[in-house]
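> Sequence:
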Amino acid sequence: MIPTKQMRFLARLCAVALLCCGTLAAKSKAAEELFNALNMQVWLDSTTTQLKDLQHKAQSSSCLSEASKKVFKSEVTRAIKTIQKDGKSFLLQALDSRPYKSELLDALETPIGKRLSNALASKNMSIFSCRFYYFDRYESFWSDEFSLQDMRAFADILLSKAPVFAQEYGLFVSMLLEKLESKELDSISSELARCGIDFEEYYCH
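Read left to right, the sequence shown gives residues -30 to -1, 1 to 175 (mature numbering (1 follows the signal peptide of the UniProt record, and there is no 0)).
The set of hints was computed from the structure by calculation and includes no laboratory data.
Hints are supplied without guarantee of correctness; some may be wrong.
Said to hold, decoys possible - List of simulated lysine-lysine pairs, DSS-like, C-alpha gap at most 27 Å: (1) Lys71 <-> Lys153; (2) Lys84 <-> Lys71; (3) Lys93 <-> Lys27; (4) Lys84 <-> Lys43; (5) Lys55 <-> Lys39; (6) Lys43 <-> Lys27; (7) Lys58 <-> Lys71; (8) Lys39 <-> Lys27; (9) Lys131 <-> Lys39; (10) Lys71 <-> Lys43; (11) Lys71 <-> Lys22; (12) Lys(-2) <-> Lys43; (13) Lys27 <-> Lys(-2); (14) Lys40 <-> Lys(-2); (15) Lys39 <-> Lys(-2); (16) Lys131 <-> Lys55; (17) Lys55 <-> Lys43; (18) Lys58 <-> Lys43; (19) Lys55 <-> Lys40; (20) Lys22 <-> Lys58; (21) Lys153 <-> Lys58; (22) Lys22 <-> Lys(-2); (23) Lys(-2) <-> Lys84; (24) Lys153 <-> Lys27; (25) Lys40 <-> Lys27; (26) Lys153 <-> Lys131; (27) Lys93 <-> Lys39; (28) Lys131 <-> Lys40; (29) Lys(-2) <-> Lys153.
Said to hold, decoys possible - Now the in silico label distances, taken between C-beta atoms and shown as ranges: (30) Ala163 <-> Ala(-1): 39 to 47 Å; (31) Glu138 <-> Glu36: 35 to 43 Å; (32) Glu154 <-> Glu109: 21 to 29 Å; (33) Ser32 <-> Asp76: 27 to 35 Å; (34) Glu79 <-> Ser35: 20 to 28 Å.
Heads up, the beta-carbon is just placed ideally off N, CA and C, and yes, glycines get one too.
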């Protein structure tokens, strides 16, 4: 069983199974607008970089066994290739399949929504970046760009205009995790934890 912190990281980063699912349909203009407003390309770009860095860290570890290094390298390489190939299409498809696209766009068109989009762009972050996902822990990182008070105000708008998204955002990790089980990574999870390959902390810094 992968420790909870590592499960959360893998759910956000190793989007392999979902990204490999079939031919992806054409996406609506609303999905494209949401993809841009939520700065989701940054999620893809930073994910690839972070996975490469984490892979290097694992390969350089004197603690991990050679067998585990091989498994980890293979799994992370597969994740990187899949994200690079199908990541944007998957995210657009995921957005396009949701019934609240127009409502979410309306929320992002409010003054506080535009402030959020500008803050994401300024800080080169996505709405799914760790420092946004755990906003209360990293409030100082956002400084004057977007405050905790701003976050609460935007949350109120979401609950009013797109309550389903507000609920699904919190469940996003769990929803992915159900689809992203990896027997290979699961088999070495204890060794990864023992050797300090800490997914969550590495992802957030």
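> Now look at each hint and say whether the structure bears it out.
Going through the hints against the structure:
{"no.": "1", "hint": "Lys71 <-> Lys153", "in the structure": "violated, 35 Å"}
{"no.": "2", "hint": "Lys84 <-> Lys71", "in the structure": "holds, 16 Å"}
{"no.": "3", "hint": "Lys93 <-> Lys27", "in the structure": "holds, 25 Å"}
{"no.": "4", "hint": "Lys84 <-> Lys43", "in the structure": "violated, 40 Å"}
{"no.": "5", "hint": "Lys55 <-> Lys39", "in the structure": "holds, 24 Å"}
{"no.": "6", "hint": "Lys43 <-> Lys27", "in the structure": "holds, 10 Å"}
{"no.": "7", "hint": "Lys58 <-> Lys71", "in the structure": "holds, 17 Å"}
{"no.": "8", "hint": "Lys39 <-> Lys27", "in the structure": "holds, 10 Å"}
{"no.": "9", "hint": "Lys131 <-> Lys39", "in the structure": "violated, 47 Å"}
{"no.": "10", "hint": "Lys71 <-> Lys43", "in the structure": "violated, 37 Å"}
{"no.": "11", "hint": "Lys71 <-> Lys22", "in the structure": "violated, 33 Å"}
{"no.": "12", "hint": "Lys(-2) <-> Lys43", "in the structure": "violated, 37 Å"}
{"no.": "13", "hint": "Lys27 <-> Lys(-2)", "in the structure": "violated, 40 Å"}
{"no.": "14", "hint": "Lys40 <-> Lys(-2)", "in the structure": "violated, 42 Å"}
{"no.": "15", "hint": "Lys39 <-> Lys(-2)", "in the structure": "violated, 42 Å"}
{"no.": "16", "hint": "Lys131 <-> Lys55", "in the structure": "violated, 33 Å"}
{"no.": "17", "hint": "Lys55 <-> Lys43", "in the structure": "holds, 18 Å"}
{"no.": "18", "hint": "Lys58 <-> Lys43", "in the structure": "holds, 23 Å"}
{"no.": "19", "hint": "Lys55 <-> Lys40", "in the structure": "holds, 22 Å"}
{"no.": "20", "hint": "Lys22 <-> Lys58", "in the structure": "holds, 18 Å"}
{"no.": "21", "hint": "Lys153 <-> Lys58", "in the structure": "holds, 26 Å"}
{"no.": "22", "hint": "Lys22 <-> Lys(-2)", "in the structure": "violated, 32 Å"}
{"no.": "23", "hint": "Lys(-2) <-> Lys84", "in the structure": "holds, 18 Å"}
{"no.": "24", "hint": "Lys153 <-> Lys27", "in the structure": "holds, 21 Å"}
{"no.": "25", "hint": "Lys40 <-> Lys27", "in the structure": "holds, 13 Å"}
{"no.": "26", "hint": "Lys153 <-> Lys131", "in the structure": "violated, 40 Å"}
{"no.": "27", "hint": "Lys93 <-> Lys39", "in the structure": "violated, 33 Å"}
{"no.": "28", "hint": "Lys131 <-> Lys40", "in the structure": "violated, 47 Å"}
{"no.": "29", "hint": "Lys(-2) <-> Lys153", "in the structure": "violated, 37 Å"}
{"no.": "30", "hint": "Ala163 <-> Ala(-1): 39 to 47 Å", "in the structure": "holds, 41 Å"}
{"no.": "31", "hint": "Glu138 <-> Glu36: 35 to 43 Å", "in the structure": "holds, 41 Å"}
{"no.": "32", "hint": "Glu154 <-> Glu109: 21 to 29 Å", "in the structure": "violated, 37 Å"}
{"no.": "33", "hint": "Ser32 <-> Asp76: 27 to 35 Å", "in the structure": "violated, 53 Å"}
{"no.": "34", "hint": "Glu79 <-> Ser35: 20 to 28 Å", "in the structure": "violated, 53 Å"}
Going through the hint list in order, the structure does not satisfy hints 1, 4, 9, 10, 11, 12, 13, 14, 15, 16, 22, 26, 27, 28, 29, 32, 33 and 34.
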